[in-house]
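Engineer: Protein chains in written order, with the working numbering: chain A, 1 to 115; chain B, 116 to 225.
Because the hints were derived from the structure by calculation, they are not lab data. Note that this is a predicted model, so its numbers are computed, not measured. Take the hints with a grain of salt, since some may be wrong.
[To be verified] Which chain A residues face chain B? A few, computed with CB under 10 Å, are given here:
#1 K41
#2 F42
#3 L43
#4 K52
#5 I55
#6 N62
#7 F64
#8 T97
#9 G98
#10 Y100
#11 S102
#12 L104
#13 F106
#14 V114
#15 T115
Note that the Cβ used here is the ideal one computed from N, Cα and C, for glycine as well.
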Amino acid sequence: DTAVSQTPKYLVTQMGNDKSIKCEQNLGHDTMYWYKQDSKKFLKIMFSYNNKELIINETVPNRFSPKSPDKAHLNLHINSLELGDSAVYFCASRQRTGAYNSPLHFGNGTRLTVT
Amino acid sequence: ILNVEQSPQSLHVQEGDSTNFTCSFPSSNFYALHWYRWETAKSPEALFVMTLNGDEKKKGRISATLNTKEGYSYLYIKGSQPEDSATYLCALNTGNQFYFGTGTSLTVIP
C-alpha cells in the first residue's frame, strides 16, 4: 500500500488554466505539507496543515490555495497557471507537529508542465 | 529563512570506497536534523532523524553524526556500492518548519 499518494503524476496544461493536485496519506499522520522542487532540485516549503488547520503558509502567490477536507488529505489548487509554475510538487506527511523524531514521508511527486 | 548548507555539491567515487559529506546549519532553534536519500525519479526517503548533540546513528553501511553546538552533521558511507548512487539531503527541523539543504549528489562508479 502506498503511504503517501499524489495524483496525477504528470500534468501538462496551458497558461491560464486552473488545475488541482491531490494528496492522500494512509499513515494516520496529523501533519501534511506541500513542497515545490525548483530547477536546482531544492525543496521549498509552500504550505503545511496540522489536523486540517493551516500552520505554515510561506510566501507563495495567492493563486495557490491548499485545501484539507480531513487530516488524511491535502489538495493543492492552482488558478491561472503561469509558465513559472512548472516544477515538481511533492506532498509529504509527518506523524504530528512536535513529534521531532518523526521523519517526513513523501509522495512520488507531480510534475507540472505549463505550456 | 535559515541557511542549511551541504558539501560537496556532487561526488564521484569508485565502488568500494568510503565517503562522507557534510551538512551545516545554524544552531539556534534546533529541534532535529534529518537525512534523506533521494534516488532519481523517486521521492526522498528518510535515513536518520537525530535530535541530541553527539547522536550517532547507523543503518547498514551508512552512518551519521550530529554536533548541535557547532552546527554540523556528517553522513558516512562505508564501502560504497552503485546502488548508493543518489542525492543525500539534510533538513533542519525547527518545530513546524523544515529547512532543506541543496543536497550532495553521489555517483558510485562500478
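Engineer: Run the structure past the numbered hints and jot down the numbers of the failing ones, going up.
Structural biologist: 4, 6, 7, 14 and 15
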